[in-house]
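Residue-level listing of the chains:
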Amino acid sequence: MSKGTLYDKVWKNHEVGKLPTGQTQLFVGRHLVHEVTSPQAFEMLRERGLNVKHPELTTAVVDHVIPTHDLSRPFQDSQAELMTKTLETKIKEFGIEYFAPGSGKQGVCHVSFPEQGLILPGVLAVCGDSHTCTYGAFGALSFGIGTTQVSHVLATQTLAMDPLKVRKVEFNGELQKGVTAKDLALYMINQLGVEGGVGFAYEFGGEVIDSMSMEGRMTLCNMAVEGGARSGYVNPDQTTFDFLKGKAFAPKDFEKAVAYWKSIASEPDAEYDDKVVFDVSEVKPMVSWGINPGQAVEIDQKIPYLDNLTDKQRSEAEDALNYMGLKAGDQIAGTPIDVAFIGSCTNGRLSDLEAAAEVLAGNKVSVKTLVVPGSEEIKYLAEEEGLDRIFKEAGAEWRYAGCSMCLAMNPDKLEGYQRSASTSNRNFKGRQGSPTGRTHLMSPYMAAASAIAGKIADPTPYLRGK
Amino acid sequence: MSDKFIIPENQIIELKGRGIPKPANDQNTDDIVPARYLKEITFANMGDYAYFDERFKDGKPIEDHPFNDPKYQGATILIGGANYGCGSSREHAPQALHRYGLNAIIAPSFAEIFAGNCASLGVVGVTVSPQDATELADFVKQEPSTKILLSLADKVIRYDGKSIDLDISEGRRQAFLNGTWDAMTVLQQKEERVKGVIQKLDYLNL
Numbered sequence: 001m002s003k004g005t006l007y008d009k010v011w012k013n014h015e016v017g018k019l020p021t022g023q024t025q026l027f028v029g030r031h032l033v034h035e036v037t038s039p040q041a042f043e044m045l046r047e048r049g050l051n052v053k054h055p056e057l058t059t060a061v062v063d064h065v066i067p068t069h070d071l072s073r074p075f076q077d078s079q080a081e082l083m084t085k086t087l088e089t090k091i092k093e094f095g096i097e098y099f100a101p102g103s104g105k106q107g108v109c110h111v112s113f114p115e116q117g118l119i120l121p122g123v124l125a126v127c128g129d130s131h132t133c134t135y136g137a138f139g140a141l142s143f144g145i146g147t148t149q150v151s152h153v154l155a156t157q158t159l160a161m162d163p164l165k166v167r168k169v170e171f172n173g174e175l176q177k178g179v180t181a182k183d184l185a186l187y188m189i190n191q192l193g194v195e196g197g198v199g200f201a202y203e204f205g206g207e208v209i210d211s212m213s214m215e216g217r218m219t220l221c222n223m224a225v226e227g228g229a230r231s232g233y234v235n236p237d238q239t240t241f242d243f244l245k246g247k248a249f250a251p252k253d254f255e256k257a258v259a260y261w262k263s264i265a266s267e268p269d270a271e272y273d274d275k276v277v278f279d280v281s282e283v284k285p286m287v288s289w290g291i292n293p294g295q296a297v298e299i300d301q302k303i304p305y306l307d308n309l310t311d312k313q314r315s316e317a318e319d320a321l322n323y324m325g326l327k328a329g330d331q332i333a334g335t336p337i338d339v340a341f342i343g344s345c346t347n348g349r350l351s352d353l354e355a356a357a358e359v360l361a362g363n364k365v366s367v368k369t370l371v372v373p374g375s376e377e378i379k380y381l382a383e384e385e386g387l388d389r390i391f392k393e394a395g396a397e398w399r400y401a402g403c404s405m406c407l408a409m410n411p412d413k414l415e416g417y418q419r420s421a422s423t424s425n426r427n428f429k430g431r432q433g434s435p436t437g438r439t440h441l442m443s444p445y446m447a448a449a450s451a452i453a454g455k456i457a458d459p460t461p462y463l464r465g466k
Numbered sequence: 001m002s003d004k005f006i007i008p009e010n011q012i013i014e015l016k017g018r019g020i021p022k023p024a025n026d027q028n029t030d031d032i033v034p035a036r037y038l039k040e041i042t043f044a045n046m047g048d049y050a051y052f053d054e055r056f057k058d059g060k061p062i063e064d065h066p067f068n069d070p071k072y073q074g075a076t077i078l079i080g081g082a083n084y085g086c087g088s089s090r091e092h093a094p095q096a097l098h099r100y101g102l103n104a105i106i107a108p109s110f111a112e113i114f115a116g117n118c119a120s121l122g123v124v125g126v127t128v129s130p131q132d133a134t135e136l137a138d139f140v141k142q143e144p145s146t147k148i149l150l151s152l153a154d155k156v157i158r159y160d161g162k163s164i165d166l167d168i169s170e171g172r173r174q175a176f177l178n179g180t181w182d183a184m185t186v187l188q189q190k191e192e193r194v195k196g197v198i199q200k201l202d203y204l205n206l
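Same order as they appear, the protein sequences are chains S and B. 49 is the number that the numbering used here gives to position 49 of the first sequence; each next residue is one higher, with no gaps. 52 is the number that the numbering used here gives to position 52 of the second sequence; each next residue is one higher, with no gaps.
What the hints contain is simulated information worked out from the structure, not anything from laboratory work. One should not assume that every hint holds.
[Unchecked claim] Calculated lysine to any residue pairs in the SDA-like style (CA-CA distance at most 20 Å, straight line): (1) K4/B with L50/S; (2) K9/S with L204/B; (3) K190/B with L50/S.
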């Protein structure tokens, strides 16, 4: 059993007690809701005749179904309108804070909530969304839950859980040009497997993480769940505190808060259930070729030969290549694409857009390219910097904030057998809206370079600096 | 099936039913219910969408898909592969399987969020060794009409004269045995202690 880790401390701080079943009842310090998985939970409350216990600890946003090209209401898609309206009615009824479209705070939940300072170190945060693990970047203990559990949190501000084990994952070395947090996430999942983290929370550390920005940490923690870990986190440090200072929802007594935040970090002699150390000095920009995020290679590598795989990997790879229309042994670079998507809770932050703009500046895209800011605030900041002009001059579409083409619950979808260069987090079959659509996961640098080339391309020739 | 959201609780001690084989590894929640069907505000129709993109092509059913194949109709126990239910937190996925007619899933391993969602619906998820899972799936393919017994009381699965060990977290097993798998009722009983946690949580008062 782990001991002295941030996970252990935050878990203990939130323990209400043991349930008759032996599971632990945990208090939830911050509950986030969106329109896909939570309106039904309010109905569960209604059926039981229950109320929302702590509306002041819950915040809501609309992100999955919101269109990114036309925000006028009612939305053209009547189902999207009904979902949004249902959520809006419920949060009004119960007095829950809402980051409404047009308020300046709306955006993809895992982008908007942290950027407003709602997610703090040491908080136990849950949301009916698997990428809630993003908040671990702040040293919060955060994980996705289902709708019935959302109803538990609404009614009692608690939920029933079994503890996870803790695996320390260290990234050491100096990153090569063009290698980002997204590339490290794909590398880690490739190495440990999409099932590798089942039963674990991941504590990310090492010199690469120590010098990584909060945005990079969010990208990495966001992908923890793609490697099977329900939760991933980084111990809070000066980078965390500097990010939070001055945010709308940051604590008023900031110095006192910092002292508390420092106290919940893992002890130097903390004990872990497992430890993995990566030297990532040689890692190159990564791209997925298959139908799960672990099926990925470096940009200059070939799609694996089936003979080089284990039995389990081989049957999955055959299915993946068949679906993706690719051949084992082919170079991944040069694969023609139809669409590029830059955005999502993984890579829709300002630094992601700046990265894409660095590549796109002075170039033209040769395929349909969507650039979708993760939030209204990011849209505003990007326009202040003139990024929107760079995107438009390159021929890309500059959209309103939302989940967009990550999961196609809104008008942004792949069609037919279209192949996408995507900065999102899942390359599952049908994920981007067409049951036969094909997704390649990559960083914003690579998505931008691929948009220009019209095929999967190494971004490093476009990058300045070292 | 009911358009009510709450599924009434009952004690689950053992289940007996026919199997349906779905043994591939890493089946994700987008496979189980594609995102475009998440736009309904109730779960009532989810059973119709179970494995939709695998089951139908150009609007026509793919006949040998287990969820379409007549020989598995009426099955209640799914035999899955490793990391079953990975991906999103959408409860729509276990809701779809449950409303299709399943009440148990046997697999070598489950994604965590999916397993929790199954439990809160009263869908019993248990793990067995990869070899046992493969043998059971193969048996079901050969003998689809033979019933499988899943005993939570004895932590065992019995079929064809064989007996294999199953694993499940003890907390979850007790919740099924006691009929408290939707934790709402038990969570409501500790209000005073919740107040105590709120008082001592530093960050709530900063």
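| field | Hint numbers contradicted by this structure | value | none
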